[in-house]
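**Student:** Sequence:
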Amino acid sequence: MSSRDRHPRRAWLAVAAVAALLVVIGVLGAVGTGLVGRNASSSQGATKGGTLPRADAGWRWVSFRGVAVQVPQRWDYGFEPANPWCMYDDTSRVERAPYVAFDATNLAIAGVGCIGESPDHHPEEFGPAPARFWAPHLSFAVSSSRATEDGPLRFRGWTLTTKLVAGVPISLLTDEETASLTDRILDSARTFDTDDNGCDASSPVQAQEFVRPQPFDVAAVPRVDSIAICQYARGIPADAGALVGSRRLTGASASSVLEAIRAAPAGGGPDTPQTCLHSEAGRTAIDLRLDDGSGAHDLYVYFDSCIHNGFDDGTTVRELTSAACRPLFGDNVVLFEGSSRPFERCHG
Numbered sequence: 005m006s007s008r009d010r011h012p013r014r015a016w017l018a019v020a021a022v023a024a025l026l027v028v029i030g031v032l033g034a035v036g037t038g039l040v041g042r043n044a045s046s047s048q049g050a051t052k053g054g055t056l057p058r059a060d061a062g063w064r065w066v067s068f069r070g071v072a073v074q075v076p077q078r079w080d081y082g083f084e085p086a087n088p089w090c091m092y093d094d095t096s097r098v099e100r101a102p103y104v105a106f107d108a109t110n111l112a113i114a115g116v117g118c119i120g121e122s123p124d125h126h127p128e129e130f131g132p133a134p135a136r137f138w139a140p141h142l143s144f145a146v147s148s149s150r151a152t153e154d155g156p157l158r159f160r161g162w163t164l165t166t167k168l169v170a171g172v173p174i175s176l177l178t179d180e181e182t183a184s185l186t187d188r189i190l191d192s193a194r195t196f197d198t199d200d201n202g203c204d205a206s207s208p209v210q211a212q213e214f215v216r217p218q219p220f221d222v223a224a225v226p227r228v229d230s231i232a233i234c235q236y237a238r239g240i241p242a243d244a245g246a247l248v249g250s251r252r253l254t255g256a257s258a259s260s261v262l263e264a265i266r267a268a269p270a271g272g273g274p275d276t277p278q279t280c281l282h283s284e285a286g287r288t289a290i291d292l293r294l295d296d297g298s299g300a301h302d303l304y305v306y307f308d309s310c311i312h313n314g315f316d317d318g319t320t321v322r323e324l325t326s327a328a329c330r331p332l333f334g335d336n337v338v339l340f341e342g343s344s345r346p347f348e349r350c351h352g
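Following my numbering, the numbering of the sequence shown begins with 5 at its first residue and continues without gaps.
Read the hints as simulated data drawn from the structure, not as lab findings. It cannot be assumed that every hint is accurate.
Here are the simulated SDA-like pairs of lysine to any residue, each with C-alpha atoms no more than 20 Å apart in a straight line [claimed, not checked]:
| no. | residue 1 | residue 2 |
| --- | --- | --- |
| 1 | K52 | G239 |
| 2 | K52 | R238 |
| 3 | K52 | D187 |
| 4 | K52 | D200 |
| 5 | K52 | D243 |
| 6 | K52 | G202 |
| 7 | K52 | G171 |
| 8 | K52 | A170 |
| 9 | K52 | D197 |
| 10 | K52 | R64 |
| 11 | K52 | A244 |
| 12 | K52 | D191 |
| 13 | K52 | A267 |
| 14 | K52 | W65 |
Pair by pair, the computed Cβ-Cβ distance ranges are [stated by the list, open to error]:
| no. | residue 1 | residue 2 | range |
| --- | --- | --- | --- |
| 15 | R158 | Q77 | 55 to 61 Å |
| 16 | E213 | E180 | 35 to 41 Å |
| 17 | R158 | V225 | 24 to 30 Å |
| 18 | G239 | Q218 | 50 to 56 Å |
| 19 | A242 | P57 | 32 to 38 Å |
Note that CB positions come from ideal geometry on N, CA and C, so glycine has one too.
I would like the entire structure built from these sequences, with the hints used as guidance.
**Tutor:** Here it is in structure tokens:
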């Protein structure tokens with residue numbers, strides 16, 4: 005099992021209950037904007053679209069909302085340190101090796117304010133945490149509200165460089181050992197229609213309302229060669245990239261998930277409609293692309309709301325079972341929050 009097959013690191017995670025039955029995983033990670041440096045240089049030549057080609061040897065693609073970048077294969081996923089940094093004066097609890105930052109848009113943080121500035125007084129673009137918590141990493145952001153200037157931003161041997169590709173800021177924090185990778189990483193940035201796991205940049209499942217896929221009967225699918233697990237932010241316009249996580253299962257792993265979905269009881273759920281406003285449709289959803297070698301079927305998975313949870317093949321909605329749901333999450337396909345009952349089923 006590779007390092008990227010394990011569950012995401014939880015050193016910075018804390019579980020909180022919201023309204024008694026809403027479960028939220030909080031992490032000391034940047035929320036919403038990520039790290040954005042002073043040079044948001046526009047990438048006019050980066051747009052390519054199409055399907056991502058094979059990554060260079062020893063490298064892999066990472067993507068966010070229709071934009072992809074190559075990073076060294078050994079760069080795992082991790083969490084950016086952020087507020088409240090004053091609660092944790094222990095550098096063993098943060099990432100030390102180079103990493104790719106998880107999308108922090110839906111993460112909660114502890115409600116503790118740190119008085120004053122970070123003790124090393126670094127520029128705010130580097131984030132709130134002191135430099136002793138930093139490690140080289142790549143991060144994506146939904147947008148940047150900060151003014152930008154040309155040129156990278158430097159602080160005590162660290163360099164923060166940002167490139168804007170199709171409206172998505174991509175930030176790279178390097179130290180002296182990783183600085184030589186800056187051009188190779190950022191020059192690889194491009195747009196795509198389909199990523200290397202077989203996930204499209206956008207999907208109907210990203211709609212704010214609950215939608216159903218083109219009908220088929222998953223019980224009649226005898227086998228699969230692969231399953232693309234494609235996680236999308238919801239409430240995003242249909243013409244915009246919303247893919248926030250993707251991974252691909254093959255062989256016995258894919259077969260096991262198919263069998264578990266087929267064995268799940270019809271009827272959907274578990275739901276807890278009494279615990280939330282029904283307008284709260286959930287923040288993300290998954291499009292499972294089942295490929296048997298002759299074609300693919302899309303099956304939608306809703307899992308973080310109090311209503312309409314389940315596996316939907318457009319014909320029947322099946323219940324979220326632990327055997328079918330938990331294997332979907334890993335790498336950058338993550339579950340950070342949800343109503344308590346489906347959360348317990350899907351969170352390993």
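**Student:** If a hint holds in the structure, say so; if it doesn't, say that too.
**Tutor:** Structure-based check of each hint:
1. Note on K52 and G239: the hinted pairing is violated, with a Cα-Cα distance of about 25 Å set against a maximum of 20 Å.
2. With a C-alpha separation of about 25 Å, the suggested pair K52 and R238 falls outside the 20 Å cut-off, and the hint is violated.
3. At most 20 Å may separate the alpha-carbon atoms for a hinted pair to count; K52 and D187 meet this at roughly 18 Å.
4. Restraint check for K52 and D200: satisfied, since their Cα atoms lie roughly 14 Å apart, inside the 20 Å limit.
5. Taking the CA atoms of K52 and D243, the gap is about 16 Å. The hint holds against a cut of 20 Å.
6. For the hint linking K52 to G202, the alpha-carbon distance of about 17 Å falls within 20 Å, and the restraint holds.
7. Simply put, K52 and G171 have alpha-carbon atoms about 14 Å apart, close enough for the 20 Å limit, and the pair holds.
8. Our distance criterion of 20 Å between C-alpha atoms is met by K52 and A170, whose separation comes to about 11 Å.
9. Among the hinted pairs, K52 with D197 is consistent with the structure: their alpha-carbon atoms are about 9 Å apart, no more than 20 Å.
10. Between K52 and R64, the direct Cα distance comes to roughly 18 Å. Compliance with the 20 Å bound is thereby established for this hinted pair.
11. Proposed proximity of K52 and A244 is supported: the alpha carbons are some 15 Å apart, at most 20 Å.
12. A threshold of 20 Å between alpha carbons decides the hint, and for K52 with D191 the separation of about 13 Å falls inside it, so the pair holds.
13. At roughly 41 Å between alpha-carbon atoms, K52 and A267 are farther apart than 20 Å, so this suggested pair is violated.
14. A distance of roughly 15 Å separates the Cα atoms of K52 and W65; the hinted pair therefore holds under the 20 Å criterion.
15. Between R158 and Q77 the beta carbons are some 27 Å apart, a value that contradicts the proposed interval 55 to 61 Å.
16. The hinted window of 35 to 41 Å between E213 and E180 is violated, with their beta carbons roughly 50 Å apart.
17. Under the hint 24 to 30 Å, the C-beta atoms of R158 and V225, about 54 Å apart, miss the expected range.
18. G239 and Q218 have their C-beta atoms about 22 Å apart, which leaves the hinted 50 to 56 Å range violated.
19. In this structure the supplied range 32 to 38 Å is violated for A242 paired with P57, their Cβ-Cβ distance being about 26 Å.
Checked against the numbered hints given earlier, the structure breaks hints 1, 2, 13, 15, 16, 17, 18 and 19 and satisfies all the rest.
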